[in-house]
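Those protein sequences? They're chains A and B, same order as listed.
Here the working numbering is used: the first residue of the first sequence is 1, the next is one more, and so on.
Here the working numbering is used: the first residue of the second sequence is 1, the next is one more, and so on.
One or more of the hints may lead you astray.
Copies of the same chain are indistinguishable here, so a pair counts whether it falls within one copy or spans any two.
Said to hold, decoys possible - No more than 30 Å apart at the CA atoms, straight line, and that leaves these computed lysine-lysine pairs for DSS-like:
1. Lys251 with Lys9
2. Lys75 with Lys29
3. Lys9 with Lys392
4. Lys18 with Lys392
5. Lys18 with Lys251
6. Lys9 with Lys138
7. Lys347 with Lys9
8. Lys75 with Lys27
9. Lys25 with Lys251
10. Lys32 with Lys9
11. Lys377 with Lys326
12. Lys18 with Lys75
13. Lys138 with Lys376
14. Lys9 with Lys193
15. Lys193 with Lys251
16. Lys377 with Lys29
17. Lys27 with Lys251
These are computed hints drawn from the structure, not numbers from a lab.
In this text the structure is predicted, and so the values were computed from the model without any measurement.
Protein chains: 2
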Amino acid sequence: MPTVSNRGKMMPNSPIRKLVPLADKAKAKGIKVYHLNIGQPDLQTPPEALAAIRNIDRNILEYSPSEGIISLRNKLVHYYSKFQINVTADDIIITTGGSEAVNFAFMSCLDPGDEIIVPEPAYANYEAFAIAAGAVIKTIVAKIEDGFALPPVNEFEKLITPRTKGIMICNPNNPTGYLYNREEMNKIRDLVKKYNLFLFSDEVYREFCYTGAPYISAFHLEGIEQNTILIDSVSKRYNECGLRIGALITKNAEVKQSVIKFCQARLSPPLVGQIAAEASLDASPEYMLNNYNEYVNRRKFLIDGLNRIEGVYSPIPMGAFYTVAKLPVDNADKFCTWLLSDFEYEKQTLMLSPASGFYTDPDNGIDQVRIAYVLKKEDLAACLNILQEALKVYPGSKVKRVVKNN
Amino acid sequence: MPTVSNRGKMMPNSPIRKLVPLADKAKAKGIKVYHLNIGQPDLQTPPEALAAIRNIDRNILEYSPSEGIISLRNKLVHYYSKFQINVTADDIIITTGGSEAVNFAFMSCLDPGDEIIVPEPAYANYEAFAIAAGAVIKTIVAKIEDGFALPPVNEFEKLITPRTKGIMICNPNNPTGYLYNREEMNKIRDLVKKYNLFLFSDEVYREFCYTGAPYISAFHLEGIEQNTILIDSVSKRYNECGLRIGALITKNAEVKQSVIKFCQARLSPPLVGQIAAEASLDASPEYMLNNYNEYVNRRKFLIDGLNRIEGVYSPIPMGAFYTVAKLPVDNADKFCTWLLSDFEYEKQTLMLSPASGFYTDPDNGIDQVRIAYVLKKEDLAACLNILQEALKVYPGSKVKRVVKNN
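Chain A extracted, bound-state conformation (with noise of 0.2 Å):
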């Protein structure tokens, strides 16, 4: 029998689904189970998009262009410019999901043997992709006591060597949350160009910043325009992960071109879902808004629980729908593992993220977790509720047991 590759050994499994295993396991007991561990929101997808599938006017459902539909691309330069990201609809390049934009990416940038560097705890696929391209991650450890602040760039500069082709960013950031201001985005753009390396910036959460700080795209960065590689989807932002639609853009012709072959190797994006985007961009004022009033007052709620409890700490994020805490726990994938298998609250349980999966060295992050509130306010009640319970009576928590008078 034929034996698969290393690459195929090396890929990591998804921190976020390795899980689901046991989480289908307790559902069959009759557990309800919570799942903080996803960024699939419960929000609906925009009225425009159902309303655009339900009525698809095409008896044939044909490839698209390989590089994505152009009204749709015609759209997003439009939508692009309401944030001050200046391109054309030659720099946009439509992808199957921002998993295939970070693919087209590092596949297009980085060979064997190159170094990219992430501030983490970082989104986990971007390992994978790395990892698929036969690419080295590179990380600094961002610190929870610092909020998940960008590293000291001496921190960076220890780490480049001649291979060294990039940096990757996620702002506002998965998993922390955390928005980097004027200060850290400058010192990421002086980096860039000190040392005339690509920019990956994925911006897919831009409209949720919280805090009343400016969102900063990489675009907005002078001089580096031709090092940047912006990666976005529309999954996140309107409430459609099933859709699978994102895009990569660009103003470097020479990545634009190579990008393009890859596009053309999986010969079109999918056609409904860009129809579905497309119709997205026309969602409402009020729809936008409602989603985003809604992850303000779950945010809100949800860190000052998470706080609230002993033992637990939270930063409060500025942006995207993500918070890493610390729990007082000895291990957290021990922990989010014995929720789903030994433990129950009233027939219910979380599903939460172990934040080791978010970090290169696994312990980093021991006793860390990956919360995404994607869920209602009383649904997020409930999970707090279960979450102290939990600890309470987990063999490895630091909590003191509370004793039960009979």
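Dock chain B against the given chain A, drawing on the hints supplied.
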């Protein structure tokens, strides 16, 4: 400015899509372009699939499981059983088109420097996905004089090295329309067994076999069940290329485990596409038979017509909906370009795929083109006429020009 990866530079341009800008220019001049270059059928998507899309009863278009919706996978088990392909839902992983299935198969089985052997002319994107994986494609030319039959086994054996990890076949074949017979399939099986190789078998055209000869799946070959990776897609079967739904099917647990990690990294295949693909499996026998009969007629009409044109030769394809024909021209790349940029006949022209893109050595197939018979008979009649007229006036034509009697 940082430079793109060598891989990005090595990625081939699609031979099917690279002439698109010229076609667009011709259209802008008011010339009708008949598309024989791409396997995009003009037949309708099953009404069941369109209805499933139009009646979608969800308000949140969320991620599906990474390996695909279970109801679709279960239904495919039944579908494959009709072809004596006995697999379970666990063996079927839903991919974003057959393209992603090839990509994940190569990424999971081939490391940089590993080699696979492919009889050519071959579907161009196999090479693209091999390059993406850092693997090396070694090719053996199947000759037009032999009707593109499987080259002799000793030709394969000459190419086998310690780095050889697999053989890739497409059966029925794109671009040649060749269908491997039992003897040929047994030879492939014996090679796979003897050298402990993977067999990547792209069988997306299984429903299009025209000669009464049986379709023999790689899964019909005994003793190599653990070596076999089947690539499938609903695109061609149901005229729904734009859905981007395919499948990777394997009984090899190690391969499965690796492929699922690649699936998790890209989160989920398209949701709406899966819903429509599942409904497509209910397409009526009449719908399937009408499509089949349509191709039977087109095939007969096209191949007869081609072989009647002076200097043109096409073997008789036994399956799929392509043929590779030899034209009386100096260079098919030049001819195909010229058709779009310098020729018109009664305000019409043709778009063909130069066969050079289906060979690794561009000198092979220098006078060959791939023709997809995806247009209705009247259109094919017009195409044959245009081809005949074009060959009369093309500067590099080897056919004696007709002297006009004024």
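How the hints compare with the structure:
In this assembly of identical chains, the alpha carbons of Lys251 and Lys9 lie at most 30 Å apart only when taken from different copies (17 Å versus 35 Å within one copy). With identical chains, the CA atoms of Lys75 and Lys29 are at most 30 Å apart between copies only, with a shortest distance of 26 Å across copies and 48 Å within one. Taking the shortest Cα distances, Lys9 and Lys392 never come within 30 Å of each other, neither inside one copy (38 Å) nor across copies (57 Å). In this assembly of identical chains, Lys18 and Lys392 lie within 30 Å of each other by CA distance solely inside one copy; the values are 25 Å within and 64 Å between copies.
Proximity of Lys18 to Lys251 under the C-alpha cut-off of 30 Å is restricted to the inter-copy arrangement: shortest distance 21 Å between copies versus 37 Å within a copy. Taking CA atoms no more than 30 Å apart as the test, Lys9 paired with Lys138 passes in both settings, with 19 Å inside one copy and 25 Å between copies. For the identical chains of this complex, Lys347 and Lys9 are neighbours neither inside a copy (37 Å) nor across copies (56 Å), given an alpha-carbon limit of 30 Å. In this assembly of identical chains, Lys75 and Lys27 lie within 30 Å of each other by CA distance solely across copies; the values are 24 Å between and 42 Å within a copy.
Only between protomers do Lys25 and Lys251 lie at most 30 Å apart by alpha-carbon distance; the minimum there is 24 Å, versus 48 Å within a single protomer. For the identical chains of this complex, Lys32 and Lys9 are neighbours neither inside a copy (34 Å) nor across copies (51 Å), given an alpha-carbon limit of 30 Å. For the homomeric pair Lys377 and Lys326, the shortest alpha-carbon distance inside one copy (21 Å) is at most 30 Å, but the shortest distance between copies (68 Å) is not. In this assembly of identical chains, the alpha carbons of Lys18 and Lys75 lie at most 30 Å apart only when taken from different copies (25 Å versus 37 Å within one copy).
Within a single copy, Lys138 and Lys376 get their C-alpha atoms no closer than 37 Å, and across copies no closer than 56 Å, so neither meets the 30 Å cut-off. Taking the shortest Cα distances, Lys9 and Lys193 sit within 30 Å of each other only across copies (23 Å), while inside one copy they are farther apart (35 Å). For the identical chains of this complex, Lys193 and Lys251 are intra-copy neighbours only, at 16 Å inside a copy versus 49 Å across copies, given an alpha-carbon limit of 30 Å. Proximity of Lys377 to Lys29 under the C-alpha cut-off of 30 Å is restricted to the intra-copy arrangement: shortest distance 25 Å within a copy versus 59 Å between copies.
Taking CA atoms no more than 30 Å apart as the test, Lys27 paired with Lys251 passes between copies only; the shortest distance there is 28 Å, against 48 Å inside one copy.
Hints 3, 7, 10, 13, counting from the list given before, are not met by this structure.
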